[in-house]
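Residue numbers (the numbering used here), protein chains in the order written: chain G, 104 to 338; chain A, 104 to 338; chain S, 104 to 338; chain R, 104 to 338.
If you are wondering where the hints come from, they were derived from the structure by calculation, not from laboratory data. There may be inaccurate statements among the hints.
Copies of the same chain look alike in the list, so a pair counts if it works inside one copy or between any two.
Within a straight-line C-alpha distance of at most 30 angstroms, the following computed BS3-like cross-link-like pairs (lysine-lysine) qualify [as the list claims (entries may be wrong)]:
1. K311 / K253
2. K205 / K261
3. K178 / K323
4. K110 / K205
5. K311 / K261
6. K328 / K241
7. K328 / K159
8. K323 / K241
9. K284 / K110
10. K288 / K205
11. K311 / K241
12. K241 / K253
13. K328 / K178
14. K178 / K284
15. K288 / K178
16. K311 / K288
17. K261 / K178
18. K241 / K110
19. K311 / K284
20. K261 / K288
21. K205 / K328
22. K261 / K323
23. K194 / K311
24. K261 / K191
Take a look at the letters that make up each chain.
Protein chains: 4
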Amino acid sequence: MNEQLIKEMKERVFAANLALPDAGLVKLTWGNVSEIDRETGIVVIKPSGVPYGQMKADDMVVTDLEGHVLAGALKPSSDLETHLELYKAFKEINSVVHTHSKNAVMWAQAGRGIPAYGTTHADTFYGVVPCTRQLTSKEVESAYELETGKVIIETFTKEKIDPMAVPGVLVYGHGPFTWGKTPQKAVENSIVLDEIAEMAEVTEIVNKNILPIPQYLLDKHYFRKHGVNAYYGQG
Amino acid sequence: MNEQLIKEMKERVFAANLALPDAGLVKLTWGNVSEIDRETGIVVIKPSGVPYGQMKADDMVVTDLEGHVLAGALKPSSDLETHLELYKAFKEINSVVHTHSKNAVMWAQAGRGIPAYGTTHADTFYGVVPCTRQLTSKEVESAYELETGKVIIETFTKEKIDPMAVPGVLVYGHGPFTWGKTPQKAVENSIVLDEIAEMAEVTEIVNKNILPIPQYLLDKHYFRKHGVNAYYGQG
Amino acid sequence: MNEQLIKEMKERVFAANLALPDAGLVKLTWGNVSEIDRETGIVVIKPSGVPYGQMKADDMVVTDLEGHVLAGALKPSSDLETHLELYKAFKEINSVVHTHSKNAVMWAQAGRGIPAYGTTHADTFYGVVPCTRQLTSKEVESAYELETGKVIIETFTKEKIDPMAVPGVLVYGHGPFTWGKTPQKAVENSIVLDEIAEMAEVTEIVNKNILPIPQYLLDKHYFRKHGVNAYYGQG
Amino acid sequence: MNEQLIKEMKERVFAANLALPDAGLVKLTWGNVSEIDRETGIVVIKPSGVPYGQMKADDMVVTDLEGHVLAGALKPSSDLETHLELYKAFKEINSVVHTHSKNAVMWAQAGRGIPAYGTTHADTFYGVVPCTRQLTSKEVESAYELETGKVIIETFTKEKIDPMAVPGVLVYGHGPFTWGKTPQKAVENSIVLDEIAEMAEVTEIVNKNILPIPQYLLDKHYFRKHGVNAYYGQG
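Just chain G, same shape as in the assembly (with noise of 0.2 angstroms):
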């Protein structure tokens, strides 16, 4: 294995793990994030049930793509299987995170998808972020953390979003997950996600027949800041 290599993505998972409390979006010991290098097919994933406040860089769990762990003392997160099926089926992804942040989680809980209510949201996800069905009794019990991932990517492939203009889901009565090119990208896209989902059930309440953004704003938000066209920040 490449040491320098894993030394560097411990790191930038640790870091991205510690960014979820410091927003807001983690208490106790949920959430986590991983990240996969797509060369060697190393993931890297934070610990199961340790404290953040004890956890080390060294501590994030080091496996291949089919979940055996290569390197670390820890079990890694009980949300593993569900990364590796998204790393599977969305190739462009590097990072994975999933929260149990309040807003994303209300959203979950309602069964509803987040409509694209401004301007905020189609900064970040082009469209409507969904949310899955409802797992049934064999798939829970069967293998519940990969039907996980199973159920995210049927989203998308039904609904044909592409996961990378909307880089986040909602598991029905369960909770978010993101995605992205890098941890930090992952992480900002569960800030946002939280974020708009706060905006949108207020949205509801202060105008009951309220309907989403249309499609002009809708694309001119999204690739003023994606794709080839885009003119904000300094890239």
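Using the hints provided, position chains A, S and R relative to the given structure of chain G.
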């Protein structure tokens, strides 16, 4: 008395009490934590109405299971009798926490138990967190704090709820009590209770027809973290 | 003038003013605290519109009960006349606090008194925290701050409320005033008022048919903390 | 160019930009502040998409009123054209602030102006904070940021609102812009706008039939703080 035991209990109870305002669950002098040592029957509890900023570990009050003060110059929390009643009925718990945390109080004031709308709930509470019936005038006027304990126990008995599986309750018109094997665990349960209370509030706003999660998902998440087949954490 | 008395009053009033943004009750320069010395009739109040970060204890303004500035280079809070009117009518109070704290303002703007939905309310406020009627155009245009004081007193007189038992009020379309024996106590009452305002908001959302707690529970909690039979705290 | 002038403008604009996340109004790189010097026509604005933690005063971008970059290695905020359009139409303002602050966005997404429900509103905004109409696809696709400025001006012109009396606006489906004589004042107006947006949300929940405050109370509070007869503050 075992000096060393009491010293350690005081430090744990003190730390757990301080954890409440740190977690945003307590304002002013509201809230209290106690611990019992089952072998000796010694109980340690926060003193009544002392500001958190001035409180020291040694201010914690030592009593027996009948509420007699064994050591300490200060009066115990006025809620002591409720704690003692819970220790007598719920033999497996070693710590009790009472707060007026905002969201849990809102449900207590609304007189409703908190339905299990998602996995954040199921990870800690195996089903509805119940709300007691309203105390009668006779109960309130005779031995209020004792009767508060009794009505909690009545609720768990009548509804056939295992207090280890649902380590918390809402007292009608008042607020939450939680418990656990240790003061730290009991405090964590208060943190989770307030979080799921807030999530449930907005879940019902976002989807007026939402139902609790199915039993098989409740089972999965609860038993992923508890019992002989648990696989969450490093245990 | 008693230099020592004034120095101590200034320090208490200054500390109480700073406690407001610390408790999250005040943004920018909103909010003010005053104290009266009943023997000398000396009143100390925050200066008008001075940023909290630049304010010093010595900037507090000294006036008499008629609002004449006795010492200090700065203008007193524009709400001075309201404070003075309350001191004249409510003989037992020694401090008044005015804030625009979010949740209390929401009820004031809604024109509703806050019902006693739980024991958190009852511990500090012995019944509904009333909301005044709307001031008339004549009252607003003639002597607005004085009339604000008068309408508060009118509310307590008409509704036969003891200002020591309900140490706070909402002024219609404006916001809360609280009071107490000391600046610290008056600030605490502002903290509690905002907290119970928020609790009451959501209580009504979680249960649309909720009623206030029964009188016997209100009695129990209020008199557990106040009056000759109080047994809460170390007093 | 006047080096000293630009240096001071950069420092003020930098400080004002940092004040936004400090006040909880901005996450990630959202939000921007600019200032204009009316004599020279020099504009200083935040660079586009630079993280707040890495930004230095010297990174602020210097442009003229037509948007030509006069100094600085970085690209200006993508919202520059909106700022410039406002400076051209609203001759008395010297600073513009744009944020995605949560509560103001909620009203913008709901497509509603914020009614003046209380004196907290009236102290800063002399009447409804208006919401623009939705931009057409043609406007969005041709010169989006410029048209955003134009629709704000159209709103104030059509509704005959004085931009100095109502120093802020909601852009439909997008979010708030505020302005003022100085960057500090424009930021303060953003703080107030988000606060009154939240207050108004819940005011409507607590009382479904609430009406705005009467004109005489709006007058009283606004003119207590603004204009020749103002008596609030030390001015």
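Hint check results:
For the identical chains of this complex, K311 and K253 are inter-copy neighbours only, at 28 angstroms across copies versus 34 angstroms inside a copy, given an alpha-carbon limit of 30 angstroms. Taking the shortest Cα distances, K205 and K261 sit within 30 angstroms of each other inside one copy (27 angstroms), while across copies they are farther apart (32 angstroms). Taking the shortest Cα distances, K178 and K323 sit within 30 angstroms of each other only across copies (19 angstroms), while inside one copy they are farther apart (44 angstroms). Taking the shortest alpha-carbon separations for K110 and K205, neither the intra-copy value of 32 angstroms nor the inter-copy value of 38 angstroms comes in at or below 30 angstroms.
For a Cα distance limit of 30 angstroms, the shortest separation of K311 from K261 qualifies both inside one copy, at 29 angstroms, and across copies, at 26 angstroms. Taking the shortest alpha-carbon separations for K328 and K241, only the inter-copy value of 20 angstroms comes in at or below 30 angstroms, while the best intra-copy value is 42 angstroms. Within a single copy, K328 and K159 get their C-alpha atoms only as close as 34 angstroms, which misses the 30 angstroms cut-off; across copies the closest is 23 angstroms, which meets it. For a Cα distance limit of 30 angstroms, the shortest separation of K323 from K241 across copies, 11 angstroms, qualifies, whereas the shortest one inside one copy, 43 angstroms, does not.
Taking the closest pair of Cα atoms, K284 and K110 come within 30 angstroms of each other only inside a single copy of the chain (18 angstroms); across copies the shortest separation is 38 angstroms, beyond that limit. When the C-alpha separation of K288 and K205 is checked against a cutoff of 30 angstroms, the pair qualifies both within a copy, at 20 angstroms, and between copies, at 21 angstroms. With identical chains, the CA atoms of K311 and K241 are at most 30 angstroms apart between copies only, with a shortest distance of 28 angstroms across copies and 38 angstroms within one. Taking the shortest alpha-carbon separations for K241 and K253, only the intra-copy value of 13 angstroms comes in at or below 30 angstroms, while the best inter-copy value is 41 angstroms.
In this assembly of identical chains, K328 and K178 lie within 30 angstroms of each other by CA distance solely across copies; the values are 14 angstroms between and 38 angstroms within a copy. Taking the shortest Cα distances, K178 and K284 sit within 30 angstroms of each other both inside one copy (25 angstroms) and across copies (24 angstroms). Taking identical chains as interchangeable, the C-alpha atoms of K288 and K178 lie at most 30 angstroms apart whether they share a chain (25 angstroms) or sit on different chains (22 angstroms). When the C-alpha separation of K311 and K288 is checked against a cutoff of 30 angstroms, the pair qualifies neither within a copy, at 33 angstroms, nor between copies, at 34 angstroms.
Proximity of K261 to K178 under the C-alpha cut-off of 30 angstroms is found in neither arrangement, the shortest distances being 34 angstroms within a copy and 40 angstroms between copies. Taking the shortest alpha-carbon separations for K241 and K110, neither the intra-copy value of 39 angstroms nor the inter-copy value of 51 angstroms comes in at or below 30 angstroms. In this assembly of identical chains, the alpha carbons of K311 and K284 never lie at most 30 angstroms apart, being 37 angstroms within a copy and 37 angstroms across copies at closest. In the homo-oligomer, the alpha carbons of K261 and K288 lie at most 30 angstroms apart inside one protomer (25 angstroms), although the nearest pairing across protomers, at 42 angstroms, exceeds that limit.
With identical chains, the CA atoms of K205 and K328 are at most 30 angstroms apart both within one copy (27 angstroms) and between copies (20 angstroms). For the identical chains of this complex, K261 and K323 are neighbours both inside a copy (25 angstroms) and across copies (26 angstroms), given an alpha-carbon limit of 30 angstroms. For a Cα distance limit of 30 angstroms, the shortest separation of K194 from K311 qualifies neither inside one copy, at 39 angstroms, nor across copies, at 38 angstroms. Taking the closest pair of Cα atoms, K261 and K191 come within 30 angstroms of each other only inside a single copy of the chain (17 angstroms); across copies the shortest separation is 49 angstroms, beyond that limit.
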